[in-house]
Structure formats: structure tokens, C-alpha cells
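The primary structure of each chain is shown beneath.
Number of protein chains: 2
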Amino acid sequence: MGYHPGMADIPAPPWRKARKSSPPRTVLSRDLIVSAGLRIVDAEGVDALSMRRVAQELGTGPASLYAHVENKEELLDLIYDEVMGEIRVPEPEPGRWLEQIREVVLEATRVFGAHADIARVGLANIPTTPNALRIAESQLRIMIAGGVPPKIASLMVDRLALYVCADAFEGSLYYLRQRGSGKELEEFLEEVFGQIGDFYRALPADRFPTLVAHVDDLVAADDRERFEFGLDLMLRGLASYAAEAGSAPPVSGSPTSKD
Amino acid sequence: MGYHPGMADIPAPPWRKARKSSPPRTVLSRDLIVSAGLRIVDAEGVDALSMRRVAQELGTGPASLYAHVENKEELLDLIYDEVMGEIRVPEPEPGRWLEQIREVVLEATRVFGAHADIARVGLANIPTTPNALRIAESQLRIMIAGGVPPKIASLMVDRLALYVCADAFEGSLYYLRQRGSGKELEEFLEEVFGQIGDFYRALPADRFPTLVAHVDDLVAADDRERFEFGLDLMLRGLASYAAEAGSAPPVSGSPTSKD
DNA sequence: GCACTCTGACGAACACTGTTCGTGCTCTAC
DNA sequence: GTAGAGCACGAACAGTGTTCGTCAGAGTGC
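Here the protein sequences come in this chain order: B and R.
Quick note on my numbering: the first sequence kicks off at 564 and runs consecutively.
Quick note on my numbering: the second sequence kicks off at 564 and runs consecutively.
Treat the hints with care, since some could be wrong.
[As the list claims (entries may be wrong)] Simulated restraints on C-beta separations:
{"id": "1", "chain 1": "R", "residue 1": "ARG593", "chain 2": "B", "residue 2": "PRO653", "range": "31 to 41 Å"}
{"id": "2", "chain 1": "R", "residue 1": "SER613", "chain 2": "B", "residue 2": "ALA806", "range": "49 to 59 Å"}
{"id": "3", "chain 1": "R", "residue 1": "SER592", "chain 2": "B", "residue 2": "PRO653", "range": "55 to 65 Å"}
{"id": "4", "chain 1": "R", "residue 1": "GLU636", "chain 2": "B", "residue 2": "GLU749", "range": "22 to 32 Å"}
{"id": "5", "chain 1": "R", "residue 1": "GLY757", "chain 2": "B", "residue 2": "ASP779", "range": "22 to 32 Å"}
{"id": "6", "chain 1": "B", "residue 1": "GLU620", "chain 2": "R", "residue 2": "GLU636", "range": "24 to 34 Å"}
{"id": "7", "chain 1": "B", "residue 1": "VAL755", "chain 2": "R", "residue 2": "GLU654", "range": "31 to 41 Å"}
{"id": "8", "chain 1": "R", "residue 1": "ILE689", "chain 2": "B", "residue 2": "GLU749", "range": "26 to 36 Å"}
Simulated from the structure, these hints should not be mistaken for laboratory data.
Everything numeric in this text was worked out from a predicted model, so none of it was measured.
Here a beta-carbon is modelled for each residue, glycine too, at the ideal position from N, C-alpha and C.
Let the sequences and hints guide you as you build the complete structure.
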């Protein structure tokens, strides 16, 4: 700060107001912007991401970002693709195709779960970014190698993506609210589920007899169990489609008995 | 406008500036606000709904709304519940439980589809509003009457709600973009799907061989087919859980052969 | 070494957003 | 007839995404 080597000792002429003491031009780039954005999303969620906030993180003004990024929307897409880049996919092993699909879905859920509510970006866009394609390619290849009819496999890729994003987004809501309330995760969840349980129990039993009668079942399941139940629903359905089409059904009957 | 009956013919004294020509106080109410909000959502989508916009629709200022509604969030919840009120549910007929579940889900999808992207409100909230409870009660009753184990039925209610909202929200994206582009629905969809097809076809075949090889399958399905495929996946899975638990499986094998 | 263009960083501004505060009108209850 | 509560409303605050015009500095051609 202050002296610049090239200017020797000559002080800036005072009548020129020194322009602004020439702050060292920060060097921006798409990657810098994206990773700064991802940092914000991870720490505070998608709603907290604003162009000003990203710019501030990089020590500049919001207008500077628009030279590298079209939009806030494009920025979010780029961040989303960055996250999807963390999802690892296996080489197809035809004998384990159903299990492999299950593994890819679990892997995706793990990654989304590690990045706050970023999954909602995936819900709002038709994914055509590189990593989205990579994962779709992988899933399609696994299923087709396993003998699933291509039409079924294509539909399945779409529905699985929707399910993963929707569930991850739903799950992130609890996560963000917990973070906002300063409590520990376990304590928070217990409190929330307790409140929901109390709420259901307090319902008028004449209008909602079945709900009231099964409160415990309604409240018992945690995030993980609900997610896996829904996933296995779809996988059982898929197995039945595959079996109908003459493909060999998965060896051990149902995908439930895994893990 | 102008004369008020009680004031006879006496004009307002000019030195008092007439306060503001005393505009006839509009009478607000929660219901008025909610229905105005729903009108905006229907016409322009959730993003277009702002407190100012609602106030304008009612001929007043934004601050006036806060006497009847806590929040924008609460307003959206109220609008969402209003929409859910349109969903009709049947009386349980144990012999047709799977078909009835399917019908309720289709009915919900129909209603959401008629109200722009309102479904995204359902994605972002744990639904505890009256109509959400009504529908959950109905689904639970149908399944339990059909012999589905309560635990499975409880999980199913949750997963179906998630699926319906997620799909309706995804579908609404196309809808809103079409509306924004001034074209006819059919023309718009054809254009979009054409572009996506072209995009897939133009992909490097060495990195995405499976995608490129099955472009036609990937692009062929429309909204409806994708939705019903996913739904039937889940229902087949559900049927298999129900069968495992000793309940009578649905008569005609799979839910696919309906309609 | 000089003059040139062109990229891109940046300050300021615009039109919005949700929400709050204070004012004062109008209707109700006594 | 008057006190009081409820509530409609204007103005303001702090924030948003985005655009415009300016202008420093790097790179290029001579």
C-alpha cells in the first residue's frame, strides 16, 4: 500500500487527487467467483448468496462479477455443477446393476447433503451441465448393461434425479433451520419431531382419526429412513419393470436387504 | 368518489387541504388478501407475488397487509392451503385401495398443475395446514383400510407428497417459461424438446456414448408419461411391501394396466 | 519506446423487494 | 358523547439483481 515500485519516489501530484491511491487491481476469474459462491452457500445457504455478498468475499463490487458471469442464475448453475463434480460414479458391473444404481443415488445424496440447500438449484433447472451429463451417462450405462430396456432406463434417470434433488432439498430445510437456531442437531431434531408429534396428538380425533391413531408411525422415521424407503420403492418398481422385459432380476430378490 | 352522504352538500374547507379527499377506506380481510394473492400466483407465478403487488391488487399499500397476515411466508402458506382445498378425496373402498391412492395422487397433480408453480411452497414446508392434514388422513385411511401396514402407509404418505410437489414444481417451470415466451404451449414444448434433442445429439460420442445412443428415448417422454412412470414405480414398490406383509396384493397385478 | 485498442474492475444508480414505525382515521362500547 | 381499540396507510430502511459510464492497465502493432 502506498508506493508502487515503478513510480520511483515521485509522489503523486496533489492537484490530480491521486485518482484513488490506485488500489491493487484484484484479479477475478470465473473459478474464483464460483468457489467463493460455493463457500457462501455451504456456510449460509442459497438464500444468503447475493452478488454483493460474493463480491464482498472477493474484496470488490458487485458489478465486477458480471464480466465473468452472465447472471445470478448462471452463477448458481455453475456452483451446482461444481458440487455435482464431487459425485463419484462406478464402472458398470452388469451383475450388480441394481445395487450400483442404489450406490450412485446414495452417493449423490451424500454430496448434496454436504452442501446445504444447493439441491434446490437442481430442482429448478433442466440439467445440461457437464457433470449432470456425466452422472446421467453413468446411470444409463449401468442400467442398460444390466439389461433394463433403454426406454425404462431413460425414464428412470429422470425420476431418480428428481427424487434425489427433492429429498435433499427437503432435508436441507431442517438443516438450515437448525443452523439458524443455534442448537445442536440432535437436540433440534428431537425438539422439532416432538412438537410435530404433540401437534398430531392434539388434533381433533373425530376429523383425523387415522392420523391421530398412528402418530407414532408418522413421527418415528428419520430423514435417512424416509429417503431409503422412497428409494427402495422406486428400485423395487424398477426391478419389476426389468423382470417384465425379460431381463434377469437382481439376484437376491429385493434391494431392501442391502447394507 | 367525492361526496359522502352524511356530509350533505358542504364542500371540504379548502384551508384544511381536505386531508387527502378522504379515500373510501377499503375493507381488508385475510380472505381477500389470500384470494388476491392466489390470483397473482395463477397469473404470473410465485416469484411475481410480492406484498406490494398484492396490496396494489387490493388498491392499498403494502403495510396494510401486515395487520391480517404475519409474513409473506404465512401468506404463501395460506395460498397453498387454499389450493390444496381443491383436492377432492374419495371414501375408502378396501378392494380398490391401490387404485384409489393413484387417483388421489393424480387429483393432486391436476390441482397443482392448475395453479402455476404453487407446488414449490409445499416443497419448502412441513405441511400442517388443515387441507394438508385432510389429504394425509385420507391417504392413510385408504391404505390402512387396504391392509397396508401402518408404518409403511405412514412413510408412503410422506414420499407421495414429496413426489407430487416435486413433479408439479418441475412441470411448472416449463409452463412459466412458455408463458414468458408468448408462444403456444404445443409449439413451445416442441421447440424446447427439439433443442434438448439437438443438444444431446451434438454431445461428444466418446464421452457420452450411452446418452447419444439413446437420445430418442431420453427425449420421447412428455410430462405426463414421466410423472405416471414415477408414480407407478412407487406404487409397484408399495404393492410389493404390502404383499410381503401378508396383505392381499391388488387384484390385477400391477397398477400399470390402468387407464 | 510509443500510441493504440480492448479487456475488465469499479462507483453510482435504478427499480425493485420484505418489513417496521408512527400517524391518525373510523368504528365500537359504554 | 367520549374513550379506546383496531387498522389503513405513507414513509422509510436495508437489502436485492442488474446496467451504465468511466477509466486503469495489459497487450499489440509499429
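Hint check results:
1. R:ARG593 to B:PRO653: 31 to 41 Å: violated (54 Å)
2. R:SER613 to B:ALA806: 49 to 59 Å: Holds, at about 52 Å.
3. R:SER592 to B:PRO653: 55 to 65 Å: holds (59 Å)
4. R:GLU636 to B:GLU749: 22 to 32 Å: Roughly 26 Å apart at Cβ, these two residues keep to the hinted range, so it holds.
5. R:GLY757 to B:ASP779: 22 to 32 Å: About 52 Å separates the Cβ atoms of GLY757 (chain R) and ASP779 (chain B), which means 22 to 32 Å is violated.
6. B:GLU620 to R:GLU636: 24 to 34 Å: At 27 Å between Cβs, range holds.
7. B:VAL755 to R:GLU654: 31 to 41 Å: With Cβ atoms ~33 Å apart, the hint holds.
8. R:ILE689 to B:GLU749: 26 to 36 Å: Since the Cβ atoms of ILE689 (chain R) and GLU749 (chain B) sit about 18 Å apart, the hinted range of 26 to 36 Å is violated.
When held up to the earlier numbered hints, the structure conflicts with 1, 5, 8 and fits the remainder.
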